[in-house]
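Q: Residue numbers (the numbering used here), protein chains in the order written: chain X, 1 to 336; chain G, 337 to 763; chain V, 764 to 1101.
The set of hints was computed from the structure by calculation and includes no laboratory data.
Values in this document were obtained by computation on a predicted structure and should not be read as measured data.
C-beta: ideal position from N, C-alpha, C; glycine also.
Not one of these hints is a red herring.
To give an idea of the interface, some chain G residues facing chain X are shown, with a C-beta separation under 7 Å as derived from the structure:
#1 Thr464
#2 Arg466
#3 Gly485
#4 Ala492
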Amino acid sequence: MNAQTRTEMRELSYAEAIREAMDIALASDDRVILMGEDIGVYGGAFQVTGDLVEKYGTDRVMDTPISELGGAGVAVGAALTGLKPIFEFQFSDFAALAMEQIVNQAAKVRYMLGGSVSVPLVMRFPAGSGTGAAAQHSQSIEAWLGHVPGLKVVQPSTPEDVKGMLLAALEDPDPVMIFEHKILYKMKGHVPEGHYTTPIGKAAIRRAGKDLTIVATSLMVHKALAAAETLGPEGIDVEVIDLRTIRPMDRETVLASVRKTGRLICVYEGVKTLGVGAEISAMVAESDAFDFLDAPIVRLGGAECPIPYNPELEKAVVPQVPDILDAARNLAEGRI
Amino acid sequence: MPIEVIMPKVDMDMAKGKIVTWHVSEGDTVTKGEPLFDIETDKAAMEVEAADSGILHHAVPEGTDVPIGKPVAWLYAEGEEVGDPPAGLAPAEPDAPAVKDDPAPRADAPRPGATRREPDAGEKQRATPRARALARDGGVDIDAIAGTGPRGRVQAGDVAALLDRGPAQLGAATFRAETGPLSVTRSKGGTGTPVVMIHGFASDATSWAPLEAHLKHRPVIRIDLPGHGKSPKLKVASFAALLQEVRRTFDDLNLDQAHLIGHSLGGALALGIADTRARGIASLTLIAPAGLGPDIDGAALSGICRASRAESLGPWLRRLVADEDIITDSYVRLAMAGRSDPNLRAAQSAMADTLFPDGVQAVDLRAALDRLTPPARIIWGKRDAIIPWRHALRAPGRVALHLFDGIGHMPQIECAEEVGVLLRSQI
Amino acid sequence: MADAATDTNTPYAIRTYSPQRLKDALHKMFLIRKFEEGAEDSYTRGLIHGTMHLSIGQEASAVGSCMSLSDEDKITSTHRGHGHCVAKDADLGKMFAEFFGKETGYCKGRGGSMHIADPSRGNLGANGIVGGGLPIAVGAALSAKRLGTGAVTVCFFGDGANNEGAFHESLNMAAVWKLPVVFVCENNRYGMSTSTARSTAVKQIAERAAAYSMPGVTVDGNDFSAVTEAVDAAVARARRGEGPSLVENMTYRWRGHSKSDRNRYRTKEEIAEWMERDPIVAMSKLLVDHKILTEAEVGALEEDAARIIREAIDFAAASPDPKIEEATRDVYTEGAAA
Ligand SMILES: Cc1ncc(C[n+]2csc(CCOP(=O)(O)OP(=O)(O)O)c2C)c(N)n1
Ligand SMILES: [Mg+2]
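Sequences are here, hints too, so could you generate the full structure?
A: Laid out in structure tokens, this is it:
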């Protein structure tokens, strides 16, 4: 086996891929620092930073006090003035405490100052349900931030992408918010070695198909792919698009697929109403791809409630593979 | 207080009229006596002048039917505040079906205020966007398709199945529709009042060449009909829509005065234009015009449209003239070369189907002929095998008749010299 | 022999509370310990999905801080809140049922360990957000003052929470408006892995009180009597309308922060040392020393607590799950005017 194939075979978990990206960044650029709660000796609540503190020390892998607003704001200030902070929220839910600095400062300062400054800030948000952590530790709030001009918001779904998008985010002069589904952390996949970037703002076609387009984000990409595997033998050929970035959204990839299949399902974990799926649907409805729709658009999103604790309820309030199967069959067989 | 503009009663038994075109845009000023809008009734089309001066607001969308006496817009004074439309404005789409007992949002519900090229399309039939697009491109009437989707929705498959049944089933209805303005060509030289020429069905602007030789002293402007010559293959839903398209082209020429000449279908269109643009017409010449009676040789029309080779085109072309010898083989080959695009032929088939269904003229312009005010003449060959020359006898006394013995449907070619001399005396 | 009620050499709790109340207090401390152990055991058996934050080692702080509270008085609690619930007389069966995600639980299976609340006993609930309960406690105190209920709010929070803006904003408003609230910091030396030395500019959280012009004291949080003495005084001050206080109970959590803690930020020795200072052992000794209980009676109390917990677990295990169709119930008030 030569070196090339070994590289191709190499598998890392999603968390390891993030760590490797941060490791590369810390090693190659002195201006990069990590900030967050318990990211040092504890290794991060989800063991993403791991042992980086041993390699780079507490000056560059900084445990903050439990001070989300202040911590995020310090990162904004540091980004404004020469550092490149990667700020980890312990859970994306706690970003609610830091909204002021994210939304009013990080997102707007460049614009407010007439383009004379920039905020090269990366924020990481462990997100989503499925861990039994209930209403305040399970949310999918990416659409909140997706609503803010000035931010870029990504939701990588694979180890390879999360590494590439984190490195791309570090090269981006503007604030990039990375939503990482907690369930994905342990997922393994091929990750190229060394430095590479995965473009922000570009969706990926994970599976080509001709009958039906599913645009999915984050963990839902995997559920959509699982559903597509079941549907194939039934004669329903599904195209699965991993949106990857929700702001700016990759219009062309989505529209081209809809023009091809004429049927669209949006699958995302955030609350269905006023969420990512609403934007995808509107984008299609407002475009020429509308002419190619041969059935109503279907959105599968989170139920209109906080994430419940009971595991059965918790599963029931976010889209699952059977929900996608039902929707796809109904669409393909002309029941909706 | 704003002044209301109403739908005028212009005909004895007119109950409502359709706003075809506004000549003044919302928010623009119009002066009393200027053309304000065109209407169309069951019988006729005409231009309505502004009865007062003011700034136009709350104009009902083009394509709307409005009962006579009901306001179609309001004229405001300079500086007068424009709020909601004063009460009594005709509903935007009075024919829109009421939505009943359907709790689910209707994707196809009428959109208030939306202006469309075909105001009827989309409001009667439940259909997906893709089905509509397919039907539009295929020249198929979506309203005529039975949908197999939920709640009877027409889906792409329904349209595709229909299209797959082939041209035989579809008749003349299938072609790839295009969009864009009609082709206008102009002669070099000439002075004074220009001559505007509108050719007949299945012909094109080049057919005027023999006649033009006699009109070189005037600028000549030729309009290609949709689906003919260099014009785009528009979907033509009705004669009214066709007239609207050609009239828009005529309006865009921006001529103070014009001599208008039309042949056959072009004659009907010229008459329709003269009906609503009477003041701009210096003279009107109708050569074997359509629109004055029901009869027409449908077989010849569809034969020409169908012909895909010179061999099948020749016999039909010879039917157009009295002396078959003038239609030489090389003439036929040339004509076929101009018709080699199957989509052009399909577009013309579709148009024939719309305007002359089952070999009958669906266009009746006799009332317009009666109303005609500009100097006008009708020229016809007494051996016309396509449209009977006797239709000319419907003309009122003001209209001059020139009936040629031994001439068929194409006097402008068959006896170009005589027709030219005739025209030159007045143009 | 001097009268225990007046002898200042006698611990405050012995002087202040009846033998029955002291016995009840020890019983509650046993209940908390057994509850946490039962929770841990259930987790190990796979009966609980999600994580939990155990308060083993902190029982004296929870029970001692609630001694002078009635059902009218309120508490706000934290992610490490099981002890506070028990101290505020929660039903153990309903607590376990919640832990198991059952319809019979305090939150009908919707909230889980981190959100147990019992408004009927004045327990406004645990909180998943560090510092989340602080402003809410001030709000409850504002209600009590405006409505004249005479109620006091005890606001539990961890040392980690003292660095949230909400902490500072809350103390300031409580002081400015002289509200009847007692801020009880359970300083167990760490917020997750981060020690107060690494996170907090002052040595003791109680020093923060000075910035907001309120009394601040630090006590041995594993000493039941010391806790009651400090908190009772603060509650009494609040009831007199003199405003808020800050009490800092120095204590220690024996277990990891949550089930995923690898204890890399502290030593085994440190943990062992604190386990030597078991607040339940200390309380038992206090009551035995003062002849309120015999060793055997202490044993019986522990036994009884274990039995109650077993029954609570049985109740929870046998309880029905919530209905899937009702997942979106209680997002809004039913029948409320739109
Ligand atoms: C706003 C917020 N930030 C972070 C967390 C994650 N978290 C939960 S508990 C905890 C430590 C809290 O420390 P402390 O207040 O001292 O309470 P202890 O766990 O020691 O009882 C952290 C960081 C959270 N739940 N909420
Ligand atoms: Mg702590």
